[in-house]
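Chains as they are written, first to last, in the numbering used here: chain A, 1 to 220; chain B, 221 to 440.
Please note that a few of the clues may not be correct.
What the hints assert, rightly or not - A few chain A residues that don't get close to chain B, going by computed Cβ distances all over 10 Å:
1) Arg37
2) Phe190
3) Ser206
Stated by the list, open to error - Derived CB-CB ranges, DEER-like:
4) B/Phe232 / A/Lys3: 47 to 53 Å
5) B/Ile407 / A/Asp133: 47 to 53 Å
6) B/Ile293 / A/Trp5: 48 to 54 Å
7) A/Lys7 / B/Phe282: 34 to 40 Å
8) A/Thr216 / B/Glu310: 30 to 36 Å
9) A/Thr216 / B/Gln238: 30 to 36 Å
10) A/Thr216 / B/Tyr303: 31 to 37 Å
11) A/Arg187 / B/Gln294: 52 to 58 Å
12) A/Arg187 / B/Ser251: 32 to 38 Å
13) A/Ile18 / B/Arg439: 46 to 52 Å
14) B/Leu413 / A/Ser106: 26 to 32 Å
15) B/Val255 / A/Glu132: 50 to 56 Å
16) A/Asn98 / B/Phe282: 47 to 53 Å
The set of hints was computed from the structure by calculation and includes no laboratory data.
Since we're looking at a predicted model, the values are computed, not measured.
Cβ atoms here follow ideal geometry from the backbone N, Cα and C, with glycine treated the same way.
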Amino acid sequence: MKKRWWKILCVVLLVYVILGALLFEVPRLAILNETIRNLHFHVTMWFGMIILLTVSVVYAIKYLRSNKIEHDHYSVEFANAGVLFGILGITTGAIWANFTWGEPWSGDPKQNSSAIALLIYLAYLVLRNSLEDQQQKARVSAIYNVFAFAALIPLLFILPRMTDSSLHPGNGGNPGFNAYDLDSRLRMIFYPAIIGWALLGTWLVSLRVRIRKIKTALED
Amino acid sequence: MNQILSLISKEFRSEWRQKYALNGMLLYLASTIFVCYMSFNVKVGAIQGLTWNALFWIIILFAGVNSVAKSFIQEANGRLLYYYTLAKPEQIIISKIIYYSLLMIGLTLVGYFFYSVVMGNPIEDKPMFLLTVILASTGLASALTMLSGIASKAPNSSTLIAVLSFPVMIPMLLVIIKCSRNALDGIDRSQYLDQIGTLVGINAIIIAVSYLLFPYLWRS
Numbered sequence: 001m002k003k004r005w006w007k008i009l010c011v012v013l014l015v016y017v018i019l020g021a022l023l024f025e026v027p028r029l030a031i032l033n034e035t036i037r038n039l040h041f042h043v044t045m046w047f048g049m050i051i052l053l054t055v056s057v058v059y060a061i062k063y064l065r066s067n068k069i070e071h072d073h074y075s076v077e078f079a080n081a082g083v084l085f086g087i088l089g090i091t092t093g094a095i096w097a098n099f100t101w102g103e104p105w106s107g108d109p110k111q112n113s114s115a116i117a118l119l120i121y122l123a124y125l126v127l128r129n130s131l132e133d134q135q136q137k138a139r140v141s142a143i144y145n146v147f148a149f150a151a152l153i154p155l156l157f158i159l160p161r162m163t164d165s166s167l168h169p170g171n172g173g174n175p176g177f178n179a180y181d182l183d184s185r186l187r188m189i190f191y192p193a194i195i196g197w198a199l200l201g202t203w204l205v206s207l208r209v210r211i212r213k214i215k216t217a218l219e220d
Numbered sequence: 221m222n223q224i225l226s227l228i229s230k231e232f233r234s235e236w237r238q239k240y241a242l243n244g245m246l247l248y249l250a251s252t253i254f255v256c257y258m259s260f261n262v263k264v265g266a267i268q269g270l271t272w273n274a275l276f277w278i279i280i281l282f283a284g285v286n287s288v289a290k291s292f293i294q295e296a297n298g299r300l301l302y303y304y305t306l307a308k309p310e311q312i313i314i315s316k317i318i319y320y321s322l323l324m325i326g327l328t329l330v331g332y333f334f335y336s337v338v339m340g341n342p343i344e345d346k347p348m349f350l351l352t353v354i355l356a357s358t359g360l361a362s363a364l365t366m367l368s369g370i371a372s373k374a375p376n377s378s379t380l381i382a383v384l385s386f387p388v389m390i391p392m393l394l395v396i397i398k399c400s401r402n403a404l405d406g407i408d409r410s411q412y413l414d415q416i417g418t419l420v421g422i423n424a425i426i427i428a429v430s431y432l433l434f435p436y437l438w439r440s
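Turn these sequences into a full structure, and let the hints steer you where they fit.
In structure tokens:
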């Protein structure tokens, strides 16, 4: 019972987020109109992905320091969940862009970098599957995980800000919800949504790690 | 320091002894450039700067993947084990990075020469382009050296190196293409010094991460 509070929190937050995101009053902005509600589903997916992938890297480093196989289980499952969030983020973005920009894929810098980020982590999963030995698989993929994450930072945080050509709201003169636009009505759902989705991802990870543990126990 | 120098000189000597590998690389570069030239089927100087630039870096990327990838994959297992008894892993990775950066700079310059001969040379600001070439070669070579170390642990390493390296190198390649495009157009240098700075930063991240992670890699 002690450890169950965060799952309850997750369910409560997400019910609140889904109801709030669809029903609450939102600010009226040109071009965006009602699609601004996608903020709570699309943008939060990226936040969730970054959080999960960061945790995955932390576990990869932990594994390299300690050689405990549980850390590797956590690392790969957090990466899996991060990839799932990434795919959901790209899909929700494409659906939204189809209505707002007129086409699902318009080669926006942020779209491209998210696609590359997914490619990197898919390569990570391919690398894992091509190695046989359990310890070697864990070690080599942890190294690639850290290396790829370091190469990802300039991609996600520096490059999109160097170009002013992004179509995304808040970039290149498009109306958006940056510092002064993201008003308190949106914030009231946006921040809980990030926490809620991140908790959901963690929940998923904890279940998958338990399945892994059972499998290894059965094999031994 | 002495050990690093002797490791580098060992790399040079072993390269010189297997001249077929070096000649193969140069021929690979020359024939790729010739294939591009034939497929565009143009007179000298007839393609636009944008295409010229992108094509050049794509050729260099593929030449790099093919030549630097062998840094660890090619080494026999027994020989690697022998190095590890002689030198620290940090010294090995630093010497490999230095050696392959030099090799890559050489390859890129030779490629630049061939390429200018058949495709024309529209570069306005040559010193700045050379600086970009040097930084780019160093970055590509150091990322590829580390990734080849990772890929060499897996059975199908030659496919894996492409899968692992392309997404990791795209951010770097984007900055490289932007810098060299500016040099090509002869834009005032102060306008894109920050991009050169970003390139230096990405190189520093990659080399630092390789230096930190390599000791874990060779143990497996």
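What hint numbers does the structure not satisfy? 4, 7, 9, 12, 15, 16
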